[in-house]
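Chains as they are written, first to last, in my numbering: chain X, 1 to 383; chain S, 1 to 383.
I should point out that these hints are in silico values taken from the structure, not numbers from a laboratory.
Treat each hint with caution, since some may be false.
[Said to hold, decoys possible] Restricting the straight-line Cα-Cα distance to at most 16 Å, the calculated cross-link-like pairs of lysine to aspartate or glutamate (EDC-like) are: (1) Lys36/S - Glu28/X; (2) Lys243/X - Asp228/X; (3) Lys55/S - Glu229/S; (4) Lys243/X - Asp253/X; (5) Lys36/X - Glu28/S; (6) Lys236/S - Asp51/S.
Protein chains: 2
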Amino acid sequence: MVTDSIITALRGVLGNGNFALHEPRFTEKEQYYVQKCIASTYVSSVGAYVDRFEKELAAYTGVRRAVAVVNGTAALQVALQIAGVQANDEVIVPALTFVATANAVRYLGAVPHFADIEESTLGLDPRALRDWLKGIAEPAGDAYRNRQSGRRLGAIVPMHTFGHPCDLEGMLAVAHDYRLALVEDAAESLGSRYQGQHTGSFGLLGTLSFNGNKIITTGGGGAILTSDEHLADHAKHLTTTAKMPHRWDYVHDEIGYNFRMPNLNAALGCAQLSQLPEFLSSKRRLFERFQAALADIDGVRLMREPSDCESNYWLQTLVLSDALADQRDEILQTTNDVGLMTRPAWRLMHRLVPYQECPCAPLSIAESLERRIVNLPSSAGLA
Amino acid sequence: MVTDSIITALRGVLGNGNFALHEPRFTEKEQYYVQKCIASTYVSSVGAYVDRFEKELAAYTGVRRAVAVVNGTAALQVALQIAGVQANDEVIVPALTFVATANAVRYLGAVPHFADIEESTLGLDPRALRDWLKGIAEPAGDAYRNRQSGRRLGAIVPMHTFGHPCDLEGMLAVAHDYRLALVEDAAESLGSRYQGQHTGSFGLLGTLSFNGNKIITTGGGGAILTSDEHLADHAKHLTTTAKMPHRWDYVHDEIGYNFRMPNLNAALGCAQLSQLPEFLSSKRRLFERFQAALADIDGVRLMREPSDCESNYWLQTLVLSDALADQRDEILQTTNDVGLMTRPAWRLMHRLVPYQECPCAPLSIAESLERRIVNLPSSAGLA
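Based on the provided sequences and hints, a complete structural model is requested.
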């Protein structure tokens, strides 16, 4: 019954037809930039669009430097490495996130340590985390270590879930007190601001994703954001195989990566970035229309931006009441059957086979929300 | 003086103007496919061009399956992982190669073990390797280990330098006798054949690169080749974040990678692949013209395809005599100054800071060739 009410509400906003969870929107500008890129023959790791995309991203997000890379996972891996994470460190990440957040930690030989989230932001809860660390963290040289595992606590990765900024002020305070490098996973939150400042610009480094399902896309792509010029230079060096500048010699001074964004993908990105303000307006309108349409359904809440925040509303999100949690699967089944693509939250990280042995804080809110989230069709242009 | 003779010979073939080392060539087809891709909105990790590119690559190289990924380094990393390489294994790679070959080994926590090459192929020398292994390898369970380091010898990675196939028959025999998984780094040798069979199809797995400087390009890209369906399925699973197939659930059963080639890049690749036969003919003509023009210069040999092989002549390569080795830098300097882009061989891997502690076989041929190689302008379309 609640399923029928939800479908009626969604149809009232969207009309008839099939609706993807999130599709990109392209104009003549995307076609034109990509054509120019191909005509220039500079389609690969060097080119004017890469430089321009980096400059425009930095300007838009308010950081000094952006380094464009092949995807958001690569961005996070390199950002964590540059932030000082080493093999066998622990890195605090939310239990509710896309698996890339945890994978990036693992690629460095470090261990994710899963922490709980809060219902108002869907992101890390600084109060719960502080309580947890009070119990398990002990000073060890310049850092803290987990006294249960003996491992150094190297960094913390707040992720801005579905585009909603987490409590950055709270996270910065915890990071400061426990000497954790703070690296923001802003893969989902391009266009989202916390107290007027762009997400991804609060930590030592931040990362973005331009995968096909994101608010803007480069096909595949990501970026590292930082206002530290030295870290930015290092990020660029590491992501371009750590080759030393020379007219012809091939000398690499550390183990780098082939992570540079191709110019072809950056051409698409430049065109997409120019559409971002319009995408943001459209997504906000969609939120307002869904909000009005769903207002009278008991036990169903549409996720709104946290106070003092401006969300990009990347994915519209229904949060069901506890009483409705056991109807989530029916809602997913029926909406998908009628052509309204929906999906649940990701399986929590500590439930995945490769991560089930990792350290965990108490995760009661994440475990509750995992059963109660339904993402709705959210593409720009639907409203 | 030899520099002047070389420049005169190159100008005789190329004419006046500036010539890059290797530029891509695009036609209307590249523009058309990429436009169609953008119009479809499927620019990211799923799409018809990715599927088509994989099918056409498999058909062209004569393997059952090709898995398209973000670049050649990622292809090699995943191929080695699937071939069974584990942390702390040693993997035999040529000392003369692009750094990606060694990096892919390191990303898995394994250790590259550098071996010598032969002058006739510029690739691994199976006789020298067999002599070396006779001295250092001892049986240990199902495999062999390096008795000097105590580490298991996990795999061997022949690389087909500048497009010239190495002695695959010899390498397969060594790999068999020492129970080494053989993974071919065919990044440079799309279109090259050994005894009529395509390079990259001899090992358990092979890898290709479509970086901007390769014989065909996808902007950035690579592929894993194999005729083992099970390994191919695993490669695809690992390169797509190891997500289990499900209509909406996000469950990942191992630590995967975000390595899928975007459809936008595959669109470019499909168009490029249709030009490959023409590129191969043009490069062979260029070899013949350079060969004729350089024939009378003492101490200078133009690298030709090894016997029983068909090379793609990706990069035309001058090999200087010992006596001329100390004139290499002047040749590089002067040719680049006059707009003929040339470059030396890569710095040998064991001389790079991150790899200087790795195990090494005697490397006298690699060390000699390192001082005597000059790559010439090689783009398709120059002849």
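To see whether the hints hold, each was checked on the structure:
no.: 1; hint: Lys36/S - Glu28/X; in the structure: 12 Å, holds
no.: 2; hint: Lys243/X - Asp228/X; in the structure: 21 Å, violated
no.: 3; hint: Lys55/S - Glu229/S; in the structure: 13 Å, holds
no.: 4; hint: Lys243/X - Asp253/X; in the structure: 7 Å, holds
no.: 5; hint: Lys36/X - Glu28/S; in the structure: 12 Å, holds
no.: 6; hint: Lys236/S - Asp51/S; in the structure: 12 Å, holds
Hint violations for this structure: number 2 only, all remaining hints satisfied.
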